[in-house]
Amino acid sequence: MTTIISLTILGVLVLFLGIMKKQSWLLPVILLGLVVSMGLTIMDWNTFKVYYHEMIVVDNVSVAFSTVLIFSAFLIFSLASHYYRGVQRPLDDIFGVMIFALAGAVMMTSYGNLIMLFLGIETLSIALYVLAGSHKEAITSNEATLKYFLLGSFLSGFLLFGIALIYGSSGTFDLQKISVYVSSCAGDYPPMFLAGLFLLIIGLAFKIAIVPFHFWAPDVYEGTPTLLTAFMATVVKTASIVAMFRFFTHTFQGIHGAWETTIWVMAAFTILLGNLTGVYQPNLKRMLAYSSISHSGYMLLAVVAFSPMSENALLLYTLSYSIATISAFGILILIREAHGNDYFSSLNGMAKTNPLEAFCLTVAMLSLAGIPPLAGFMAKYYLFTTALEKGLVWLVIVAIAGSAISVAYYFKPIMAMYLKESNGVKLEVETSYKVHLFFMTMLIILIGLLPFLLIGLL
Amino acid sequence: MLTVILILLPLLLSLIIIAIRREKAIRQFALAGSLIEFGVAVAAFIQYKTSCHCNLLFTADWLSTLGVSLKFGMDGISLLMVMLTTFLVPVIILASFRHSYHRPAAFYSLILLMEMALTGVFVSFDGLVFYIFWELALIPAYFICAVWGGNDRIRITFKFFIYTFTGSLFMLVALLYLYFKTPLPHSFDFQWLYAATLTPVEQTWIFGAFFLAFAIKIPIFPLHTWQPDTYSGAPAAGSMLLAGIMLKMGIYGMIRWMIPVCHEAVQQYASVAIILAITGIVYASVIAIRQSDMKRLVAYSSIAHVGLIAAGVFALTPNAMEGAVIQMVSHGINIVGLFIVIDIIEQRTGTRTIGSLGGIAVKAPRLAIVFMIILLGSIALPLTNGFIGEFLLLLGLFEYSMVFAAIAGLTIIFSAVYMLWMYQRTMLGKTNETTEKISDLSWSEMAVFVPLVIMIIWIGLFPGLFLDVALPDVMQVLNYIK
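Same order as they appear, the protein sequences are chains A and B. So the first sequence is residues 1078 to 1535, counted in the working numbering. So the second sequence is residues 11 to 492, counted in the working numbering.
Just so you know, the hints here were simulated from the structure itself, not pulled from any lab data. From a predicted model like this one, the values you see are computed outputs, not experimental measurements. Yeah, the Cβ is synthetic: ideal placement off N, Cα and C, and Gly gets one too. Among these hints, one or two may not hold up.
What the hints assert, rightly or not - Example chain A residues on the side facing chain B (calculated, C-beta under 7 Å, incomplete):
| hint | residue |
| --- | --- |
| 1 | 1266 |
| 2 | 1270 |
| 3 | 1450 |
| 4 | 1462 |
| 5 | 1465 |
| 6 | 1475 |
| 7 | 1506 |
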C-alpha cells in the first residue's frame, strides 16, 4: 500500500515539477523517488497486511514482485536521460504517465479483489495507450497507439465481462470468497463461472502477449518509442503474469481441470511460435518483440506448474528476463540513434568500434537464450525443475526445444557484431550510460553465479 | 584445494590477459600461465599417486535448496583428462605463436577460458555443475572458430553451435528428470544420480537423451556432419582444442555417468551404439581415403578413431574401457600433432591440398621426421602411444563380439592406408613449385613438437603408469554393470 501511495505522490510531484518548469530536476527526483518507494516496499517484507476490505493484500509475493517492477522501472529511467537528450518539449507528462502506469502495475501484483485487478490493469493500460503514441510526429508511433488502444480496450471488455460472469456465479469479487466458492463447487463448476474464467484468462493473456493473443505485440513494439517498448516488454509483462498467477493461486490453490490444459497449450504454442517466428525477423526490435512473446510462454510454465517453488521461479525469471531485456533495449536505443534503423546489418562490426556495448548485448542475448552460467540459464533451470516436479515432462521438452530454436536468432546480433566487417559507424555513448549498461551486465552475471540469494526468498 | 586452483587459475589468467596491450607480452603471459597450470596438474597427479587417494575433493554449498553443490574432485579418469588438457593447452598456445592473430588478447584469453571450462567438466562431481561447464566450453570454442576461422566460418560455426547446443539441452532435460528420481533429499551429486531408481522405460529415455548429447560431441555416426566442416574451417588452435580435448568431454561423460546411471539401458542398447560407432569407423575411413585436403582427411580420420573409442566404451569390458581411457589421451596428443604439422605446411606453402604438395622431406627433413613419428602414433604402430590403446580396445571388443572386433579392426588397416598415402604424396617424391622453397622447422617450432614426441614414445613404451591410474576407477564404473 505504501508503494502505491508513494508512487502516486511521485507521479504528482513530477507533474508539479513540469508546471514549475524544472525539467532538469525531473530525472533525479524520479530516480530518488523510485529508490525511496523501493525501500518502502521492502520494509513491508514479512508483514502480511490487508487494506480496504481486502481490496489490497500486501504479502511477500506482492512485495517481491513490486520490487522487481520498481527496479525495472529504475533501470529504464536510467536510460531516459540519454534517450531524450536534445528533446526540446517538456517531458514531465511522459515521465508522470510512466510512473502512474507503474503504480497500476504494482496494484496488479497486490490485488485481493477483482475490481482492484481491473483498476490496476486499466491504470496501466490507459497510461500505455498514451505512452505508445508519445512520439507524436512519427506515423509509426501513431499506428502503434491506435492498434494497441483498439485491441486493448476491446480485450479489457473481455476481462470485465469475465469478472462480471465470475461475480454472477460466485456472488463476490473477493479472491478469498471466490476461493471458498471454488471449494464448495468441488470440481463441478457452472458454465457461467467457466466462461467468466476463460474470458479473464483471455484478457490477461492479451496483456502478457500470449499466443494466440499476441498479434498486436510486434507491430506495437516496433512503433512505440524504444524506451517505452522496454517498459512494455518488462514492467507490463511482469505485472500481468503476476496478476494471472495471483488469481489462480488465491482462488484455486493451484490449477487443474480444463484451464490447466488451456494454459498448457497456450504456453507450448507461445514458446514454439514466438521462437520460430523470431528467427525470421529482419531487425533487432521486432526480434526482441518475438523474444518477449516466447518468454511469456516460459513464464506461463510457472502458472501451470503451481507449487510453492513456482513463485520463486517466477521471481527469478521475471527479474533476469527484465534486466537482460532492458540491457538489450539500452543498446537498441543507441543503434537506432546512430543508424536510424535497427536492421541486423547496422550492428556489423560493433565489436571493433564499441567493444563494451557489444559485450553487454552479447551477455544479454546469451542470458535470454539461457546459456550457463548467466541469469537466464539459472532462471530457466529453476523454472524447468519446478515444472518437472509437477510431472510436466512434455511441456519442459517443448520449452527446451524452444530454447534451442531461440539460439538461432539470439546469435544473429552476436554474429553481426563480432564476425561481420564494420560499417564504420561508432556509437556515441556518454560514460554514465556505459556504466549503467555495464552495471546491468554485471547483474546478469552475478545472478547467474549467485542465484541462491534469490532462491528460497518466497 | 588443488582442484579448485586448477579451475580458477585459467579463469584469472584469461581475465588479466585482456588488460595486456603488447602482443609479445600477451603470448608470453599466456604460455607462462598455462605452464603453471600444467605444473599444478602435475602436483595434483603426484599427490594422488603418492600420498592420498582422497580424490582431492573440494565441497562447498551453492544451491543447497536445489540439491546443487560445488563438488570438485578427481579420480583416476578425471586426473588423466585434466593432465591431457593442461598438457595440450601450452602446446596449442605455443603452436599459435607462429600466427599473428588480430586481437591477440581476446584470442589467448578465450583459449584460457576454454581451458577453465574443460578442466571444470573433468573435475565436477555434481551433475548440474558439470552441465554448466559443459555449456560454458561451447562459448569460447564458438568465438575462437567464428572470429579467427577460415572461409565460410560464420555458417560452419553456427551449425556447430546449434548442433551441440541442441544435444546439450537434451542432456539437461534428462538431468533434471533424473534429479527427481534420486533418493530424498534430491541432489545432483554424482553418487546420488548413480543411486536414482529408474524404470526400464525411464532408463531408455534418459539413455537416449544422454547418448544424443554425448554422441554429437564425440561425434558418432550419423551425428558427425558438423565435424569435418568445423575442423577444417576453424583456426589451427580451434581445431586442436576441439579435436584434442573437447570431444573427450563426450566420451568422459559416457564413462563418468551415462553408464552408471542407466546401466540397464546401456547394456540393452550397447550393440546398437557399437554398430553406429563401427559404421562410423568404416564410413569415415572410406571418406578419408578420398580426401584431397589434409585437414579434412585428419578430421575424418578422427571420426574413425573416436568411433573405435566409443565402440570400446560400449563393449563394457575392463580391457576396452581401459583402452578407451588411454586412447583418449593418445588421440588428443596425436591429433594435435597432426594439426600442427598441417598448419605449418599450410602456412609455408599456402595450401593443404595433398595433390599440389610433394617432396617436402627433401627440403624439410626435421618436419618429415616429426610428422612420421606422430603419424605412426596415430596409425597405432607398436611402441607408440596409439598401439596400446587400440590394442586394448580391440581386445575388449573381441571379448564382446568377434564380428564387431573384426570390422572395427579395419580401422587400423584403413588408417595406415590413408595416413601413409598422405605422407607419401606430401612428403616424399619430387618437389614441385609450391614445395620448393619450404623451410625446415625452426628451433622454436621444434620446441612445440618435442613434448608431443616425448609423450608419444613414453606412453608407447611405458603405458603402465597411465593405465594404473585409471584402472580402479574403470573397474568401479564397470561394477555398475551387473
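Exercise. Tell me if residue 1266 of chain A is really an interface residue toward chain B, meaning its C-beta lies closer than 7 Å to one of theirs.
Key: At about 32 Å, which exceeds the 7 Å cut-off, the nearest Cβ of chain B leaves the hint on residue 1266 of chain A violated.
Quiz item: Does the interface hint hold: is residue 1475 of chain A within less than 7 Å of chain B, judged Cβ to Cβ?
Solution: Hint violated; residue 1475 of chain A Cβ to chain B Cβ min 11 Å, cut 7 Å.
Quiz item: Hint check: is the beta carbon of residue 1506 of chain A less than 7 Å from a beta carbon of chain B?
Solution: violated (20 Å)
Quiz item: Under the criterion of a CB-CB separation shorter than 7 Å, is residue 1270 of chain A in contact with chain B as hinted?
Solution: violated (34 Å)
Self-check item: Interface hint status, residue 1450 of chain A versus chain B (Cβ within 7 Å)
Solution: holds (5 Å)
Practice problem: Using 7 Å as the Cβ threshold, decide whether residue 1465 of chain A counts as touching chain B. | Solution: holds (5 Å)
Quiz prompt | Interface restraint verdict for residue 1462 of chain A against chain B (beta-carbon cut-off 7 Å) | solution = holds (6 Å)
Figure legend: structure checked against the earlier numbered hints; hints not met, in rising order: 1, 2, 6 and 7.
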